[in-house]
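With the hints as your guide, set chain D onto chain V.
From first to last, the protein sequence lines stand for chains V and D. Read in order, the letters of the first sequence are residues 1 to 584 in my numbering. Read in order, the letters of the second sequence are residues 1 to 584 in my numbering.
It is worth saying that the hints were derived from the structure and are not from the lab. The reader is advised that the hints may include incorrect statements.
[Stated by the list, open to error] Pair by pair, the computed Cβ-Cβ distance ranges are:
#, chain 1, residue 1, chain 2, residue 2, range
1, D, A423, V, A423, 53 to 61 angstroms
2, D, R146, V, G101, 15 to 23 angstroms
3, D, T385, V, G101, 37 to 45 angstroms
Each residue gets a CB set at the ideal place from its N, CA and C atoms; glycine is no exception.
Each chain, written out:
Protein chains: 2
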Amino acid sequence: MKLSQLVGQRLKEAPRDAQTASHIFLIRGGYVRLVSAGLYTLLPLGRRITRKIEQILREEMDRVDGQEIRMPVVLPAELWEESGRYAKVGSELLRFKDRNGKDMLLGMTHEEAVVQVARTELVSYKQLPSMLYQIQTKYRDEARPRAGLIRVREFTMKDAYSFHGSQDCLEKYYERCHEAYVRIFKRIGLKQCLSILSDSGMMGGAVSHEFMAIADCGEDTIFASPDGSYRANREVAVAKLAFAKDAPLPLNKVHTPGCKTIADVAAFLKLSPAQTCKAVFYKDQDNKLVFVCIRGDLEVNEAKLRKAIQCPEIDFANDELIRAAGTVPGFASLLGIDAKKIRVVVDPSVSESSNLVVGANEEDHHMLNFNFARDAAGREHIMITDIATVREGDPCPLTGQPLQALKGIEVGNIFQLGTKYSAPMACNYLDQDGKSKPMIMGCYGIGVGRAMAAVIEQCHDDYGPVWPMAIAPFQVHLIGLNINQPEVRQACDNLYQSLLDAGIDALYDDRGEKAGFAFADADLIGVPLRLVVSPKTLAQSQVEFKQRNWGKRSELIALDGVLPFVQQQIQELMALCRPDTPTA
Amino acid sequence: MKLSQLVGQRLKEAPRDAQTASHIFLIRGGYVRLVSAGLYTLLPLGRRITRKIEQILREEMDRVDGQEIRMPVVLPAELWEESGRYAKVGSELLRFKDRNGKDMLLGMTHEEAVVQVARTELVSYKQLPSMLYQIQTKYRDEARPRAGLIRVREFTMKDAYSFHGSQDCLEKYYERCHEAYVRIFKRIGLKQCLSILSDSGMMGGAVSHEFMAIADCGEDTIFASPDGSYRANREVAVAKLAFAKDAPLPLNKVHTPGCKTIADVAAFLKLSPAQTCKAVFYKDQDNKLVFVCIRGDLEVNEAKLRKAIQCPEIDFANDELIRAAGTVPGFASLLGIDAKKIRVVVDPSVSESSNLVVGANEEDHHMLNFNFARDAAGREHIMITDIATVREGDPCPLTGQPLQALKGIEVGNIFQLGTKYSAPMACNYLDQDGKSKPMIMGCYGIGVGRAMAAVIEQCHDDYGPVWPMAIAPFQVHLIGLNINQPEVRQACDNLYQSLLDAGIDALYDDRGEKAGFAFADADLIGVPLRLVVSPKTLAQSQVEFKQRNWGKRSELIALDGVLPFVQQQIQELMALCRPDTPTA
Chain V
1 MKLSQLVGQR
11 LKEAPRDAQT
21 ASHIFLIRGG
31 YVRLVSAGLY
41 TLLPLGRRIT
51 RKIEQILREE
61 MDRVDGQEIR
71 MPVVLPAELW
81 EESGRYAKVG
91 SELLRFKDRN
101 GKDMLLGMTH
111 EEAVVQVART
121 ELVSYKQLPS
131 MLYQIQTKYR
141 DEARPRAGLI
151 RVREFTMKDA
161 YSFHGSQDCL
171 EKYYERCHEA
181 YVRIFKRIGL
191 KQCLSILSDS
201 GMMGGAVSHE
211 FMAIADCGED
221 TIFASPDGSY
231 RANREVAVAK
241 LAFAKDAPLP
251 LNKVHTPGCK
261 TIADVAAFLK
271 LSPAQTCKAV
281 FYKDQDNKLV
291 FVCIRGDLEV
301 NEAKLRKAIQ
311 CPEIDFANDE
321 LIRAAGTVPG
331 FASLLGIDAK
341 KIRVVVDPSV
351 SESSNLVVGA
361 NEEDHHMLNF
371 NFARDAAGRE
381 HIMITDIATV
391 REGDPCPLTG
401 QPLQALKGIE
411 VGNIFQLGTK
421 YSAPMACNYL
431 DQDGKSKPMI
441 MGCYGIGVGR
451 AMAAVIEQCH
461 DDYGPVWPMA
471 IAPFQVHLIG
481 LNINQPEVRQ
491 ACDNLYQSLL
501 DAGIDALYDD
511 RGEKAGFAFA
521 DADLIGVPLR
531 LVVSPKTLAQ
541 SQVEFKQRNW
551 GKRSELIALD
561 GVLPFVQQQI
571 QELMALCRPD
581 TPTA
Chain D
1 MKLSQLVGQR
11 LKEAPRDAQT
21 ASHIFLIRGG
31 YVRLVSAGLY
41 TLLPLGRRIT
51 RKIEQILREE
61 MDRVDGQEIR
71 MPVVLPAELW
81 EESGRYAKVG
91 SELLRFKDRN
101 GKDMLLGMTH
111 EEAVVQVART
121 ELVSYKQLPS
131 MLYQIQTKYR
141 DEARPRAGLI
151 RVREFTMKDA
161 YSFHGSQDCL
171 EKYYERCHEA
181 YVRIFKRIGL
191 KQCLSILSDS
201 GMMGGAVSHE
211 FMAIADCGED
221 TIFASPDGSY
231 RANREVAVAK
241 LAFAKDAPLP
251 LNKVHTPGCK
261 TIADVAAFLK
271 LSPAQTCKAV
281 FYKDQDNKLV
291 FVCIRGDLEV
301 NEAKLRKAIQ
311 CPEIDFANDE
321 LIRAAGTVPG
331 FASLLGIDAK
341 KIRVVVDPSV
351 SESSNLVVGA
361 NEEDHHMLNF
371 NFARDAAGRE
381 HIMITDIATV
391 REGDPCPLTG
401 QPLQALKGIE
411 VGNIFQLGTK
421 YSAPMACNYL
431 DQDGKSKPMI
441 MGCYGIGVGR
451 AMAAVIEQCH
461 DDYGPVWPMA
471 IAPFQVHLIG
481 LNINQPEVRQ
491 ACDNLYQSLL
501 DAGIDALYDD
511 RGEKAGFAFA
521 DADLIGVPLR
531 LVVSPKTLAQ
541 SQVEFKQRNW
551 GKRSELIALD
561 GVLPFVQQQI
571 QELMALCRPD
581 TPTA
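With the rest of the complex left out, here is chain V (with noise of 0.2 angstroms):
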């Protein structure tokens, strides 16, 4: 293609809240255009990059046995009842009726829809294992949408879906995809993308994990060991914490004038936040308390404790509905509750540590020396359970070695989902002594244009993206200075009409621009292998050659031997996107 044709402006600004590599180059580069908050439209640039990322998806999905379908974006509500998620999700799914007045939504997710398949089309064990996927648009409500591609309203994705006669063939299955999942991404040219255990979240489900490109400006953030062997989303990650295991010693009121904070009592008693116990109060979505108490030095990690009381949405309790409890704001504990009649969630880092200081449920007082085993009454109705936050240097679980905090774009995951929908669907199938019985299913998504700026994140430099060979919008990028003279005009149609010959996909700077412009644009569009030709190199009979990353650095090569050695480039930078090629 040539530059001048091509459809798309590079343009000089990023817009003002573009502040992460990928938003800035998609912008500058015209890869995408913004159309309304969180809807963008792909230009052919960015066209072509996701096109080649969706045929790296369907030969990796076919290679697990995956069976391409297509289903609807507009959905019937009656679909989302019967799995119980059209009341359950909240307004992240747009609903809306139809001209009939019929109660539709935009799909963000699909189990609802291939249940719907699965349950007419898959009868027999003997068609299982199976596995359905679509390259497809979805749709969440996003009420902020940020970061360009990261995260939208609208977007592709490759969703799958697995299904199974049992536990064990799933697991087998979601190993597999898992490789499959390693493969993509290394295939996409992404240099770092970890798997890491995580929270199911609304998909719900036992086992998940999600890929994670690394990356400074991602939103999730994951606590790994540095032997690679433990890793998790901060949603879910554990730590191995010892706890103080002292003889306890009787407890005892002390007088803690104004003492409402950790922070206060700790400074005031001489004592080290550890030696503390937090007590911290939630109300979950019917206003009913619920009373949380963890080690002083420690944070309380929502989404464990949303998990833990299985309730979806919480928000810290206000004074009044505390004080209603019986208890007193800043110097509450468990020594002032029923734990027969509040909610009550212990981290094992009270429940098993020794003489803390906790509230004495009196203004401007504590107790020294709080031990749970002897002092927690109702112990039988209260809740002890991991609801921590892990902090970075914390040991890790299975190692013990201080936990390391990464940043990463989560561009996949992965979730074995069991009967969570098959069961309230009636997916059944008939075993082989004609008992029918739900599916096991497991579900697998990749979104395609946050993919795409995962791989900016991680390939670019100050002038724009580093695209790797495997998703290149073109291959080679052709520029011609000076190119009104005839014979610069000449040598660069017919190297250009020879690269295509070749069947190269070449980019062919014909517009004539000074060379600071048209090297600038090259940068933006950030294709790996960059051609110049000008008189200078003409009148050698040779070419300027580089790679895209290698900076300033250049070669000058025999204008009669381009073309393999440009082959040969090609094929030595798809060799990095091989799955069988050691990472860096």
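Quick look at chain D alone, frame taken from chain V:
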């Protein structure tokens, strides 16, 4: 792929509402499944076919210098307000509010969205002409979805938009697109697809063509001259009717008791309906009367009428409205009308005919010998324009030969839009003199699913589709009979593998079903080439071969020559879909 693993049951019965071959076979063959009215899931068979169609569309769009983009399905209402269509288009445009209360819609076509791209990305005449296209999901909230994939609510469409600096450039490019469309429909295997003049309807613009796949179940009626020189949709077709040109006789009132219809009055007066004038009363959107006169044997073509009076919605007027205009229902005519006060439209069949019978505007009376040029008061206020519905056998406007009526399915359309969108939306470019001018636009659409359905309508027998090789879900269907015999299984497995190794897309029926059952499935799947291995053929080292459209005929071919034979067959059948092959 093994048939035992293919997701999508074959069904013995079609749903009760399925009347057309495509609807029946798409369901019975397991190509698609209904999700909700007008919403379908494409199962693997259907998706395989649509992907092949999409690939052909891409190739042909790229051939006419198209650049692929992807615009959102969900669009902000403000874009459609700019063009004025947000208010104009009816309830087939699905409107909703997002979570922030902003007015949004589901795109049913993307002129506004692509103009938003063009007006920022195309700046100079140097960038024109330019064409952008996408293959993407559309939603149209049809009141009455019908006939399977023929009329749905959600569908995949290839929509393309071209931008030009002059009408001349548009017209030349329009011609190229017309040729591309002819190629496309040939390549996907349609046997008879005619391009016809059409009404541009809500799209606006001057010239437009529809591509009609000829099929008895088609919703559209086409009038064509026997030599093909004239073809037009019923909505715009014209005929070169002969009108009586006798010397005017004096007006003469006659008593016609109870003769309220043309049939009554013609019978009573022993004249033919063509010797009478019919008065038809409509009301426009503002409930204002529109009085229409047409020769008694002709029918008003409401599409023409709507276009003539530039009123998107009309309906019959009630007697009250008719009487309020001072006329007598059943006996009304131009003789009783004040054309200054009432909108009057007269067909040339009335204005150019002599001595017609018209209503006397008096109960139970008509007038003989009405002559428009003599008797119509206020003629200068009357619009005279063709609003007649063409009938089969009417003379062709070009050749005078009797027009034939054909039924067709609209599988594509192309429009010369002119500046209908670019002018109101300020989609301008700078011409060679640095002047800002609105771009001249064209647009070009093809529905992918409907194209697939149209192919079935033209290519099927009583037992299922007969897929053209170019879009067939598989190239070869291999059936093993008595496959539980180890030597049959082995021979089939070997043959299947050798087909795959040769790059042939083969479906392998490895289920061991009885011949009749297996053949019925094969007919429904419609793969163009079929190989059957059985103990009987194996004993002769042979394979039974047939083409899908051979009926009961088959051939025996040597097992060791199958591969080159099949490759040859594939080439021959592909050649039938080559755009340079003359249509049978």
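Here is what the structure says about each hint:
The given range of 53 to 61 angstroms is respected by A423 of chain D and A423 of chain V, whose C-beta atoms sit roughly 58 angstroms from each other. For R146 of chain D and G101 of chain V, the hinted distance range of 15 to 23 angstroms is satisfied, since their beta carbons lie about 20 angstroms from each other. Our hint of 37 to 45 angstroms for T385 of chain D and G101 of chain V holds, since their Cβ atoms are close to 40 angstroms apart.
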